[in-house]
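Student: These protein sequences, in sequence, are chains A and B.
So in numbering that gives the first Met the number 0, the last spot in the first sequence is 309, and the numbers never skip.
So in numbering that gives the first Met the number 0, the last spot in the second sequence is 312, and the numbers never skip.
Check the hints yourself; a few may be wrong.
Label pairs and their computed distance ranges (CB to CB) [to be verified]:
| # | chain 1 | residue 1 | chain 2 | residue 2 | range |
| --- | --- | --- | --- | --- | --- |
| 1 | B | Q14 | A | R13 | 38 to 44 Å |
| 2 | A | H236 | B | T272 | 55 to 61 Å |
| 3 | B | A147 | A | K122 | 38 to 44 Å |
| 4 | A | E274 | B | E13 | 14 to 20 Å |
| 5 | A | H236 | B | P277 | 57 to 63 Å |
| 6 | B | H2 | A | I276 | 26 to 32 Å |
| 7 | B | G261 | A | R13 | 57 to 63 Å |
| 8 | B | A238 | A | L145 | 43 to 49 Å |
| 9 | B | E13 | A | D284 | 34 to 40 Å |
| 10 | B | T272 | A | G83 | 34 to 40 Å |
| 11 | B | L271 | A | I276 | 55 to 61 Å |
Selected chain B positions facing chain A (in silico; Cβ < 8 Å) [claimed, not checked]:
| # | residue |
| --- | --- |
| 12 | L106 |
| 13 | R236 |
| 14 | A238 |
Derived EDC-like pairs: lysine to aspartate or glutamate, alpha-carbon spacing no greater than 16 Å straight-line [as the list claims (entries may be wrong)]:
| # | chain 1 | residue 1 | chain 2 | residue 2 |
| --- | --- | --- | --- | --- |
| 15 | A | K113 | B | E297 |
| 16 | A | K122 | A | E27 |
| 17 | B | K155 | B | D91 |
| 18 | A | K84 | B | D160 |
These are calculated hints, taken from the structure and not from any lab test.
Where is the CB? At the ideal position from N, CA and C, for every residue including glycine.
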Amino acid sequence: MIRDTLFTLGSLYRDDLRVTGYRFGSGEKAACIVGAMRGNEVQQMYVASQLVRELRALEAQGRVVPGKEILVVPSVNHFSMNIGKRFWSLDNTDINRMFPGYDQSETTQRIAAKLFEHVSGYKLGMQFASFYMPGDFLPHVKMMDLGYQSAELGKQFGLPYVILRTPRPYDSTTLNYNWQVWETTAFSVYSTATDDIDERSARESVEAVLRFLDAQGVLNMGLMPQGEPSTVITEDHLPAVHAPASGVYRRFMHPGDRVRRGQVICEILHPLEGEVIERVKSPVDGRVFFAHHSPLVSERAVIYKIITED
Amino acid sequence: MIHQVSCVNLPVDEQMRIQKVRTMPETSGPNTPRLCVVTGTHGDELEGQYVCYELTRRLREHPELLTGIVDIYPALNPLGIDSITRGVPGFDLDMNRVFPGNQDGALTEYAASEIVRDIEGADVCIDVHASNIFLREIPQVRVSEITAKKLIPYAKELNCDFIWVHASATVLQSTLAHTLNSRGVPTLVVEMGVGMRITREYGDQLLAGIFRLMHKLGAWQGEPPEVRKPIVSTDGRVAFLNAPTLGMFVPTAMHWERLHKGDKIGEIINPLTGEGVPIFSPVDGLLFTLREYPLVYEGSLLARMLATEEVAK
């Protein structure tokens, strides 16, 4: 393993921001994995750090295929993580809305440009991503459907679902989108949590990436658990259940749980009087893909996404 | 009269309401022109607040001169304005990246779709922004290349100093202006002043332009104010000046000052080391954007300049 400081950024009164990369193997730029790009992505940094730990051991066992190089960048924006902010500490801009970046422009554009310089050119790109809504996901792989790659590839992670996303205009400045534009086959890997560490889904994510690298001939893992058979679905086929009222939220179902049509999946309580004002029922038979987890809920908030069984 | 454009219940005994105030003539019909003025998309931008107030006040002062409908939306992001939050509090979402929104979406997407639905059909919309807390802007209208031909005639009425015709970026397709322009509502984005402040002089300048434009639309029968002739420029004439180092930026040049290449704009000082780095103008031109917030990292935008050749046209 080679530990590199990919780039640094100075600050007037704080320590330098040091973005560190860990390289395994040498030769063709085979795979790059990026962890946290936002200050609240603790789980994403943790998953990447556990991947570094695993790859270090695997490299020592000679399991990185000769002629292949893997780069892992566990954290990009720990400047914000260290002070409890989600986006860039000074101007609140999102580094993952700045790609491919521009080295003569604003600070986060420069960070994106410096990062992209190091992470581009790889055959495969993976980012441990998070979502803006407060909730838990079933671990999955998301692929931006730009027509450059086959969704079948995503099945090699062995996670239960591969989600295909039709890009929206604001996606055009993400790392995943730009990786693909610059001919890296890109995947976003979602584990259950963001702000907190979920050990089980972290392990699943690490295993999924190792399984994928093995299938792609970057690692030689020998015997490796097969993972789950994957189903490819488009994002449009994830019906959302919206909160019919606001108040205190009492969740009954968790990601992965099977639900029946008509089954009560959560309650909403009057915030001041404590009475149940809504019992929300599942509109379909299916499996919970996303579940809101904040104790409070606004009217119209997405509280569940359920994958229908058919 | 105050109307509710969108209303969503927040968790604890509060509604998030987006409101507008409509002022209209005593008689109106399907051909009565309608102008919309929207602001407060970013909660830290307050320059439009004075414009909304003063526009309503003047319309009420002379109702006999009003021959069109004027809809004023002072706070598209009411929670953001109340909490000095640029985005939508709770989600850190940029309200101006969720348009056209979604009727079946969550709070922000739903509100965005209701805003679009309410404005659709207007003859013109003016979307007033106030830069951010970091940069001060002279009053300017920004239009994309693809809408320039249609929008510049309207923009020239607005009494702004500068019309910036910028490249069309994919990411900007999520803005209110793009959505409305693509749905047939000519929408002009005005940038002026600085975040978290109100510059009355700029507000009055824009108000003269709004009354001029209303007159042109047939919505106002008062004497149309004289307006200044704006400089129209493309990206190619705009020079960006980013911080070459970290520190505190202390400007020495004046905003909207004409400078020669090599003139000093300011200095980036380091209070810890006592060192300073002078910042010079990269071109002959006009200083139309000037950094207001002193703390800078490498790359922070210090200034934007309009090259002099363009000024001479």
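Student: Are the hints correct? Go through all of them and say.
Tutor: Going through the hints against the structure:
{"no.": "1", "hint": "B:Q14 - A:R13: 38 to 44 Å", "in the structure": "holds, 41 Å"}
{"no.": "2", "hint": "A:H236 - B:T272: 55 to 61 Å", "in the structure": "holds, 58 Å"}
{"no.": "3", "hint": "B:A147 - A:K122: 38 to 44 Å", "in the structure": "holds, 41 Å"}
{"no.": "4", "hint": "A:E274 - B:E13: 14 to 20 Å", "in the structure": "holds, 19 Å"}
{"no.": "5", "hint": "A:H236 - B:P277: 57 to 63 Å", "in the structure": "holds, 59 Å"}
{"no.": "6", "hint": "B:H2 - A:I276: 26 to 32 Å", "in the structure": "holds, 28 Å"}
{"no.": "7", "hint": "B:G261 - A:R13: 57 to 63 Å", "in the structure": "violated, 33 Å"}
{"no.": "8", "hint": "B:A238 - A:L145: 43 to 49 Å", "in the structure": "violated, 34 Å"}
{"no.": "9", "hint": "B:E13 - A:D284: 34 to 40 Å", "in the structure": "holds, 36 Å"}
{"no.": "10", "hint": "B:T272 - A:G83: 34 to 40 Å", "in the structure": "violated, 29 Å"}
{"no.": "11", "hint": "B:L271 - A:I276: 55 to 61 Å", "in the structure": "holds, 57 Å"}
{"no.": "12", "hint": "L106", "in the structure": "holds, 5 Å"}
{"no.": "13", "hint": "R236", "in the structure": "violated, 17 Å"}
{"no.": "14", "hint": "A238", "in the structure": "violated, 11 Å"}
{"no.": "15", "hint": "A:K113 - B:E297", "in the structure": "holds, 13 Å"}
{"no.": "16", "hint": "A:K122 - A:E27", "in the structure": "holds, 9 Å"}
{"no.": "17", "hint": "B:K155 - B:D91", "in the structure": "violated, 35 Å"}
{"no.": "18", "hint": "A:K84 - B:D160", "in the structure": "violated, 37 Å"}
In this structure, the earlier hints numbered 7, 8, 10, 13, 14, 17 and 18 are contradicted, and the remaining ones agree with it.
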